[in-house]
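> For reference, the chains in residue letters:
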Amino acid sequence: MSKFQVDEHGYYGQFGGAYIPELLYPNVKELEDNYLEIINSEAFQKEYLYLLKQYVGRPTPLYLAPNLSKKYGAHIYLKREDLNHTGAHKVNNTIGQILIAKHLGKKRIIAETGAGQHGVATATVCALMNLECIVFMGEVDIKRQAPNVARMKMLGAKVVAATSGSKTLKDATNEAIRDWIQHPEETYYLIGSVVGPHPYPDMVARLQAIISEEMKWQLKEQTGKENPDTIIACVGGGSNAAGAFYHYMDDEEVALVAVEAAGLGINSGESAATSQLGQVGVIHGSKTILMQDEYGQITEPYSISAGLDYPGVGPLHAHLFESGRGTFMNATDQEALDAAFELTELEGIIPALESSHALAVLGKMDLKKDQVIVINLSGRGDKDLETYINELEKREARNHE
Amino acid sequence: MSKINQLFKEKPNRLCSVYFTSGYPNLNDTTTVIKGLEAAGVDFLEVGLPYSDPMADGPTIQESSSVALKNGINLDVIFNQLEEIKDEVNIPLIAMGYFNQVVRYGAERFCQKCQSVGIETLVLPDMPMIEYENTYKAMFAKYGLSNVFLITPQTSEERIRKIDEMTDAFIYVVASSSITGAKGTISNAQIDYFNRIKSYNLKSTLIAGFGISSKDTFDTVCNHVNGAIIGSAFVKYIGANGVDNIDAFVKDIIG
Ligand SMILES: Cc1ncc(COP(=O)(O)O)c(C=O)c1O
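Sequence lines, in order, name chains A and B. Taken in order, the first sequence gives residues 1 to 401; the numbers are from UniProt numbering. Taken in order, the second sequence gives residues 1 to 255; the numbers are from UniProt numbering.
Think of the hints as simulated: they come from the structure by calculation, not from any bench. Note that the structure is predicted; figures quoted are calculated from it, not measured. Careful: at least some of the hints might be erroneous.
Claimed, not checked - When the alpha-carbon atoms are kept at most 30 Å apart in a straight line, the in silico DSS-like pairs for lysine-lysine are as follows:
1. A:K143 with B:K86
2. B:K70 with B:K86
3. A:K29 with B:K3
4. A:K29 with B:K203
5. A:K158 with B:K86
6. A:K29 with A:K220
7. B:K142 with B:K86
8. A:K364 with A:K70
9. A:K29 with B:K162
10. A:K46 with A:K167
11. A:K167 with B:K198
12. B:K236 with A:K167
13. B:K137 with A:K29
14. B:K236 with B:K203
15. A:K107 with A:K71
Unchecked claim - Derived coverage of chain B by chain A (criterion: at least 3 residues anywhere in the stretch with Cβ under 8 Å from a Cβ of chain A; other residues may be distant):
16. 15 to 29
17. 102 to 111
18. 192 to 198
Even glycine gets a Cβ: it sits at the ideal position worked out from N, Cα and C.
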C-alpha cells in the first residue's frame, strides 16, 4: 500500500476524514460506499475515457518549451491542461463526477467555484447530460472572473452569489454545503478540488490522475524515461497538483513542488500560502492544514488569483507537506503576473493566473542543465484578461517614463 | 445525576430550550440573555459559540455569529462571561460550536473550562461519531461532559439506535432536513418522522430543533417529542429588539 494513498478510514496520515454534520452523513456514506466500484467499472471507464478523448480533447500535449528552457537552463516541459475543452484541468474531474452522479440517480447538481473554471466545467457537463446546475460563487470572484460567469449562464447554470466572509471560494463552498444540507436527497455536490469530506479528496485525485498517467508515456516517448526530475504545480485546493503528482508519489526520486499563492507576501497579512501560515484543523469536512487564529476561526485568505484564494489545502497535500514528500514554495501576485507575461512573450501561451504561480518559482530554484522539469499548466488566461490588461497598462506607462 | 437529566426526570414534556449566539447583538449581552431566558421560564439553554464558518447554520445564526466575532467574542471571553454569572444560573447549559474550535483551543483545556463554568453538555455538529468513540468520549466523561448527537429524517434506524446507546443527555432531532432557520410550519412528513422515531422506543429524551419558531410549531412538535429548541427565531428577535424584552418572546411561545 502506498504511503500517499488514502487509507481505508479516509485518511492521509493524520489528515482527511469526514467531519460533517449528521445531515450530510447519508449522502457522503452513499458516495463512499459506491465511488470505487463505479470508477473501477468497465462501463464508467469506457465512457469517461471516451468523453475525455472526443469531448475534452485529451491527451493534452506535453510541450518542451524551448525558449523557457533556454532562459532557465533546464529541460522545461509544459503539460498543456490549458488546451482542454473549457480551458483548464477542472473538466477531467467534472466529466468523471457527472457520470458518478448519473449513476447514483441524482438530478440536481451543485458546485462551488473560485476562478469560475470549475463552475464552467460543471455547467458544461450538466448541459451535456441535461441536468440542473447551480453554481455558488463569491461575490468578489463574480466581479473578477466576469467572463466565466457569462459562460456559466450561457451554459444554463444558475449562478448564486456568496456574500458572507471574504466573498470568495471558502464562502462559496460554505453556501454549497448549506444548499446540500437543505436538499440532501436529490442533490449531488460536485466538488471542484481535492477537498471536502472523504471520499471527495480521493475521488477527485483519481479523476485528475489522468494528467500524470499521460505524462508518463509522453515523457517516455520524448525523453526515453517515464520520470522527470521535478514536477511543479500550483495549489489552491490542490486538484491539478494531485493529478500531476498522482502516479509519481511513490517514486521518491521525482521532486514534487507545490506552489501556493503568497498574495502580497507571506507576512503581509494578505496571503493564501496555507502551508506556511496554517495549522492543523478542520475545514469543509476534512482535517488538514488551514489558516486560522488561536481560537480556530478561519482566516480570510487573499490572492490575486481567485482559484488559489483558499485558506486550506486538500488533506493529501497536508500529508505531502508534513511528511516532507512535497516541497512547498510560493509566489506573490506580482511574481505570478511577471511569470504570465514571460510565458506569453517567450512561448506565445497566455496562462491562467493560477498556473502562473507555478511558472513563477522557476527563477527561485537551483536548476541543473539536464534537469527535466514538468510544469502543470493548469489553465489558460482568457478569464484573467482584465487583470492582464491592467498590468499591461502599468507596464506601458512605465515604458513611457 | 447531571442537571439536565434531573430536569428530564422532573419534566418529561414540553421542554423548552433556546439557542442564542454569545456576544450578540453586543459583546456583553451574553449574561443578560442567559439571565433573561432563565427568568422567562426556559428549561435549558444552548450557548452558541460563534464560528467563522458555521456550515450547519442558516443565514440568521451565521450573520449573528459574524457580528459577534466582530464584537470581539472568543472562547475565553465566553468562558469569562459564564464564570461571572455561574452562581446565578440554575438551568442546564449546553455549548454548541464547531469541532475546529475545540481542536484548536485544545480539547482537554476546552473540557476543563466547560466544567469550571457549569457546562455539562456539548453539541458539536461536525464531530464524527467515530472520532467521539475513539478519542473524545473518555475525555468528555472525565470532565463530566456528555455529547449530543443529531439525527435527521435520513438517518437510518441502525444509526439512530447506535446514537441512542451512546447518548446520556438527549438526542437532537433535526425537525426538517434543513439547516437552522425559522420555517413557520411543521409538515405531515415531519410528524410522520417524529412518530417513526418515537416508535423505536428509545431510552433517550428527544428534543427537536431546526425550524421551530412560534407557539404553533412548538406545540405541534411537543405533541410528538419531549421538547424543542428555538434558535433562529430568537436570534432574529434579539437582533431586532435588543435583549431587554426577552420575556415577551418566550411567553409568546410557551404561553
Ligand atoms: C486554471 C486553474 N488552476 C488551478 C486552480 C486551483 O485549483 P486546484 O488547486 O484544485 O488545482 C484553478 C481553480 O479554479 C484553476 O482554475
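> Evaluate each hint against the coordinates.
Hint check results:
Distance check on the hinted pair: K143 (chain A) and K86 (chain B) sit about 49 Å apart at the alpha-carbon level, beyond 30 Å; violated. Taking the CA atoms of K70 (chain B) and K86 (chain B), the gap is near 25 Å; set against the 30 Å cutoff, the hint holds. A distance of roughly 35 Å separates the Cα atoms of K29 (chain A) and K3 (chain B); the hinted pair therefore is violated under the 30 Å criterion. Distance hint between K29 (chain A) and K203 (chain B) is fulfilled; the C-alpha atoms sit about 26 Å from each other, no more than 30 Å.
At most 30 Å may separate the alpha-carbon atoms for a hinted pair to count; K158 (chain A) and K86 (chain B) exceed this at roughly 50 Å. Annotation: proposed proximity of K29 (chain A) to K220 (chain A) is violated, straight-line Cα distance about 40 Å (limit 30 Å). Restraint check: the Cα-Cα separation between K142 (chain B) and K86 (chain B) comes to about 21 Å, which is no more than 30 Å; the hinted pair holds. For the given pair, K364 (chain A) sits about 16 Å from K70 (chain A) by alpha-carbon distance, which is consistent with the 30 Å threshold.
The straight-line distance between the Cα atoms of K29 (chain A) and K162 (chain B) is roughly 16 Å, inside the 30 Å bound, and the hint therefore holds. In summary, the hint linking K46 (chain A) to K167 (chain A) is not supported, as the alpha carbons are separated by about 39 Å, beyond the 30 Å threshold. Straight-line distance between C-alpha atoms of K167 (chain A) and K198 (chain B) comes to about 42 Å, which puts the hinted pair past the 30 Å bound. Between K236 (chain B) and K167 (chain A) the CA atoms are separated by roughly 23 Å; this keeps the pair inside 30 Å, and the hint holds.
Straight-line distance between C-alpha atoms of K137 (chain B) and K29 (chain A) comes to about 23 Å, which keeps the hinted pair within the 30 Å bound. For the given pair, K236 (chain B) sits about 34 Å from K203 (chain B) by alpha-carbon distance, which is inconsistent with the 30 Å threshold. Straight-line distance between C-alpha atoms of K107 (chain A) and K71 (chain A) comes to about 51 Å, which puts the hinted pair past the 30 Å bound. With 0 residues having a Cβ less than 8 Å from any Cβ of chain A, the stretch 15 to 29 of chain B misses the three-residue criterion, and the hint is violated.
Look at the stretch 102 to 111 of chain B against chain A: 4 of its residues bring a Cβ nearer than 8 Å to a Cβ of that chain, three or more, so the hint holds. Judged by the Cβ-Cβ criterion of 8 Å, the stretch 192 to 198 of chain B is not covered by chain A as claimed, because only 0 of its residues qualify and three are needed.
The structure shown violates the earlier hints numbered 1, 3, 5, 6, 10, 11, 14, 15, 16, 18.
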